[in-house]
Amino acid sequence: MTLHKNWKGITLFMLPVGVMYFTFFIYPLGYVFVLSTMSWSGFGPMEFVGLHNFRRLLGMTSFQFGLRNNLIWALSLGFIQVGLAAVVAMILARKPPFWRFLRTVYFLPTVISQVAIAMLWYTIYRENFGLLNTILRNMGLDQLAINWLGTFTTALPAVIAQQLFYIGYFMIIILAGVMSIPKSLYESAEIDGATVLQQEFYITIPMVRDIVVVAMTLAMAFGIRHFEATFLLTGGGPAHRTTTLGILLHRNLHAANYGRGNAIAAVLIVVGALIITVVRRLLSTRSAVEDAKQ
Amino acid sequence: MSSSETVQHARTQTPSEGVGLAKRVVGKIAKWSVLLFFLAITLFPLLWLIMTTFKTNAEFMADPLALPSGIYWQNYADAVRVSGLPRLLLNSVMVSSGSTIIAMFICSMGAFVFAREEFRGKQIILTVILAGVLVPIIALMVPYYRIIRSIGLFDHLFGLTLVYVAINIPISTFLLQGFMKSIPYELEEAGIIDGCGFWQRYARIVLPLSKLGLVTAGTFVFLFSWNEFIYALLLTTSFANRTLQLGIRDFQGQFFTNYTGMYAAIVLSIIPSVIVYVLFHDRIVSGLTSGALKS
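Chains as they are written, first to last, in this note's numbering: chain A, 106 to 399; chain B, 844 to 1138.
Worth flagging that the hints you see were computed from the coordinates, not collected in a lab.
Careful: at least some of the hints might be erroneous.
[Unchecked claim] Derived lysine to aspartate or glutamate pairs resembling DMTMM-like cross-links, with alpha carbons at most 25 Å apart:
id: 1; chain 1: B; residue 1: 874; chain 2: A; residue 2: 305
id: 2; chain 1: B; residue 1: 1024; chain 2: B; residue 2: 1037
id: 3; chain 1: A; residue 1: 288; chain 2: B; residue 2: 1125
id: 4; chain 1: A; residue 1: 110; chain 2: B; residue 2: 1029
id: 5; chain 1: B; residue 1: 866; chain 2: A; residue 2: 315
id: 6; chain 1: A; residue 1: 110; chain 2: B; residue 2: 1031
id: 7; chain 1: B; residue 1: 1054; chain 2: B; residue 2: 1029
id: 8; chain 1: B; residue 1: 1024; chain 2: B; residue 2: 1093
id: 9; chain 1: A; residue 1: 113; chain 2: B; residue 2: 1031
id: 10; chain 1: A; residue 1: 288; chain 2: A; residue 2: 247
id: 11; chain 1: B; residue 1: 1054; chain 2: B; residue 2: 960
id: 12; chain 1: A; residue 1: 200; chain 2: A; residue 2: 315
id: 13; chain 1: A; residue 1: 110; chain 2: B; residue 2: 961
id: 14; chain 1: B; residue 1: 874; chain 2: A; residue 2: 297
id: 15; chain 1: A; residue 1: 200; chain 2: A; residue 2: 292
id: 16; chain 1: A; residue 1: 113; chain 2: B; residue 2: 1029
id: 17; chain 1: B; residue 1: 874; chain 2: A; residue 2: 295
id: 18; chain 1: B; residue 1: 871; chain 2: A; residue 2: 152
id: 19; chain 1: B; residue 1: 1054; chain 2: B; residue 2: 902
id: 20; chain 1: A; residue 1: 113; chain 2: B; residue 2: 1032
[Stated by the list, open to error] Not the full set, but computed from the structure, chain A residues with beta-carbon under 8 Å of chain B:
id: 21; residue: 159
id: 22; residue: 209
id: 23; residue: 257
id: 24; residue: 367
Virtual Cβ for every residue (Gly too), placed ideally from N, Cα, C.
With the rest of the complex left out, here is chain B:
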C-alpha cells in the first residue's frame, strides 16, 4: 500500500519537481526534529539516571556526564539495604492488588446492572457516577482524612486500599459497563431459559466474557494505586505502612550524599511500573482511547 502511495505522490509532484522535492526535504527534517526531540527528552534523562547508578559517588561527582569506568553493582545493594525497599514493595503490592481486586468485584456488579437491566432512573444514576471523574480528588483531602480517621483506618493499609477503590469507581464502572454492553444478549437468554438466576447470569455468563474489560479497567486501578502519592502521604504515618511512593520521597534524607545509591533506589522503584506497562501496553491504550472517544 505504501509503495502505491509513493507512486501516486510522485506523479502529482511532477509539474514542479524541484520545488516539491525541496519542500519534502524540509518537511522531513521538521518532522524528524520533532520526533527526535521528544525521544531525547523522554529517554535521555532516564538513561543518564541508569548510567549513573553504575558509577561510584567519586566518579559521579568528578563528572556527572562521563561514562562509568566499570559496572559498580554496590549501589543497588546499598539501595535495597538503606531504603527498606522490600517492605515498601510489599506494602505497595498489597494495596495495589487489594484495591484492584475489590474495585473489579464491586464495579463489575454495578456495571452488570447498568449494562443488562432496565429500570427508571438508571441513566441518571449512571451519569452521576460518571461525573465523579470530573471531581478533583485532591480537593477532598479534609473529608477523606476525617472519614478514614473516624472509621479507625488511619495509618492502616486497608484504609488506603478503600480510598483507592472509591476513587476508581467512576472510571472502572464506566469502562466495564461499556464492555458488558457489547456482549451479545443471546448467550444470556439461553442461560435464562436454562434457569440461571440473577447471580448466575452475572457470575457464570457475563463475568467470564468480560475478562478483557476487567484486565483493562484493572490495569488502570493497579497503576493508579501503585503510583498514588497524596493520599498515601495523608493517611499513613508509620514506616510499617509506607508505600513505595512515600519511600521514594524519603530517599533524599536516607541516602544523604550517597547520590548514586539514591539513584539506584529510584531506578528500582520504576521497574515494576515499566513491567506492568510492557505486559499490559495494549490494554492501557485501548482503555484510554475507548474512554476518551466516548466521553
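Chain A extracted, bound-state conformation:
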C-alpha cells in the first residue's frame, strides 16, 4: 500500500509500547527466574544458591498448602465455575423471558472490585451479625452457625464460594459463542424430533467446545493468580489452610526474602503455564468445529 516504508515512523510509533513492554514484562520475567536462584535481602551482594530456594520451599508446610490451594482454586474455577456459566449461557441463548435483564445482573459483580466483593462476603460470613449465620439461626440450625472463615474445614470452601457463583464473565463469553451457532441447525434438529436436551448435547456443546476451553483457560489462570479475597478474608489462615502462592510471595517480599519470593513466583508462572497447556491439550479440538463456524 505504501510506496516506501517509513522506518522512522514505524520505530517511533513502536517505541513507547516496546520500552514499556520490555521494562514491565521481559525484564521482570528474567529477573524472577534469575533471582529465584539467589539469596538476597535487597542490600549487599547477591549470593548464587542454585536450587536451594526451591528445595527449602518444598519442605515448608505453608508452601505445600499454598500450591495445593492454588490447584484447588484453578480446578474449581475452571471446571465448576465455567461449567455453571456454560449451563446458564445455554439457557439464556434460548431467550427466555427477561433474558437481557438476567444477563446484565449476572455480569454485574464482574465490574465490582474484588475488594468490595470480599468485604461484602465478610459481612455474610462473620460469626456474629453475619447474614449466613443469621439465616441459619432463624431456621433453628444454631449448631451450623459457625465461624466459617476460622474453621479448618470450611475456610477454603468459603473463600472459593464467594467467587465461584459469580459466573457473569464466562457466561458472557460462552453466550456469544452459543448465539453465533446458526439457527438452522436447531430447526432441522427440531424437525427430526430432537428434544431440547438432545439439541444442547449434540449441537451446542460440540459447537462451543473451543470457546468453553478458552473460558476454562482464563478461569484457571485466575485461580492461579488468586490473591485479593484470601488476603482480605483470612490472610491465608487458619494455619495456612487458605494460603495461596500469591499470599506467600507477598509475605516474602515484605520480609525482604527476595530470593525465596522469586522462587515462589517462578513456581507460580511455571505451574500456571503447565496447567493451562495440559487442559488445552486434553480438551481443545481445533478442527471440524472451526470449519463449521465459517
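Using the hints provided, position chain B relative to the given structure of chain A.
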C-alpha cells in the same frame, strides 16, 4: 418468529402429548431454578447490604435481617467523614483516567503500526506482546517493587499509573489493532494521495475512525485500574496516595463497631463501577467477546 416456533414445537409433540407436556414442565422448572438461583446469589447479598445501610447499628445488631424502621441517612454522612472517601475517590479517578489516557495513546500508536504496516518480524513481535496476557502479573511483585523504587516513583500515584498502563498493553494493543484492521484502506489511500504523512494518517484518518475501539479498550483499562488492589497495596504507603480499593480494606479498622457506617462506605465505593457498567455495558460485552472468540 417465536410464535411459529411454538406451533412447530406443538406439532412435533403430538404423538406423546402427555409425556411431552410433563417433560416440558420439568424442563421449565429446572431452567428457572437455575436462573433464579444465580439471580438470588448475585442480588440478595447486595440488596441486603444496601438495606442495612439505612438502619441504625442498634437495629442491625438486634436483627440483621429485619427491614429498616425508617431511612437513616446518617450512615452515609459517617461513611464520608470517617473513611476520607473524597480523597480516595480523587486518587482513584486520577490514577484510572491517567492510565486509560496514556494506555490508549501509546497502544493506539503501536496498534496502528501492527494494523497498517508490513515489515519483517511483525507477526513475531505482535505474538510476543499478546503472550503478555498469559503472564500472571502477580508473580512480578518483586521486580515491579524494585523497578518502581529505583526510578523514584514509590508511594507516588504516577508510579501506580505507569504499572497499570504496562499491565494493560497486551490486551489494549490486541483489541485496538483488531479494530483498526477492520477500517477500510481506501480512506487512507485517499489521504496518502493528498500528501498525508505517517503521523497524519494516524492522527487524522485512523484514530478518529477507531473511536469505538478506543472506548472498548479504554473501558477495560479504566475498570482494571479502578478495581486493582495488589499493586496499589504494594507500591503506595501514605494515606495521601491511597486509592479507593486500599481505602475499603481499612474500613474495618476505621469504623470498628460502626457496622452500618462501614457498609455505607462499601456501598458508596461500589457506585462508580456500577455507573461505568451501566454507561459502557455494550462496549464491555463486545470487547470481551471479540477477545475470546479470536484467541
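Do the hints match the structure? See the list:
1. B/874 / A/305: holds, 13 Å
2. B/1024 / B/1037: holds, 22 Å
3. A/288 / B/1125: Holds, at about 23 Å.
4. A/110 / B/1029: holds, 18 Å
5. B/866 / A/315: violated, 30 Å
6. A/110 / B/1031: holds, 15 Å
7. B/1054 / B/1029: With Cα atoms ~18 Å apart, residue 1054 of chain B and residue 1029 of chain B stay inside 25 Å; holds.
8. B/1024 / B/1093: Violated: residue 1024 of chain B and residue 1093 of chain B sit about 45 Å apart, past 25 Å.
9. A/113 / B/1031: Distance of about 19 Å is within 25 Å: holds.
10. A/288 / A/247: Violated - the C-alpha atoms of residue 247 of chain A and residue 288 of chain A are around 52 Å apart, more than 25 Å.
11. B/1054 / B/960: Holds: residue 1054 of chain B and residue 960 of chain B sit about 20 Å apart, inside 25 Å.
12. A/200 / A/315: It holds: about 22 Å lies between the C-alpha atoms, which stays within 25 Å.
13. A/110 / B/961: holds, 8 Å
14. B/874 / A/297: This hinted pair holds, its Cα atoms lying about 23 Å apart.
15. A/200 / A/292: Holds: residue 200 of chain A and residue 292 of chain A sit about 15 Å apart, inside 25 Å.
16. A/113 / B/1029: Status holds; Cα separation ~24 Å.
17. B/874 / A/295: holds, 19 Å
18. B/871 / A/152: The hint is violated at about 66 Å.
19. B/1054 / B/902: Roughly 50 Å separates the two Cα atoms, so the pair is violated.
20. A/113 / B/1032: Given that 25 Å is the threshold and the Cα spacing comes to 20 Å, the pair holds.
21. 159: The hint is violated - residue 159 of chain A has no Cβ within 8 Å of chain B, the shortest such distance being about 15 Å.
22. 209: Result: holds, 7 Å to nearest chain B Cβ.
23. 257: violated, 23 Å
24. 367: holds, 5 Å
The structure does not agree with the numbered hints 5, 8, 10, 18, 19, 21, 23 stated previously, though it agrees with the rest.
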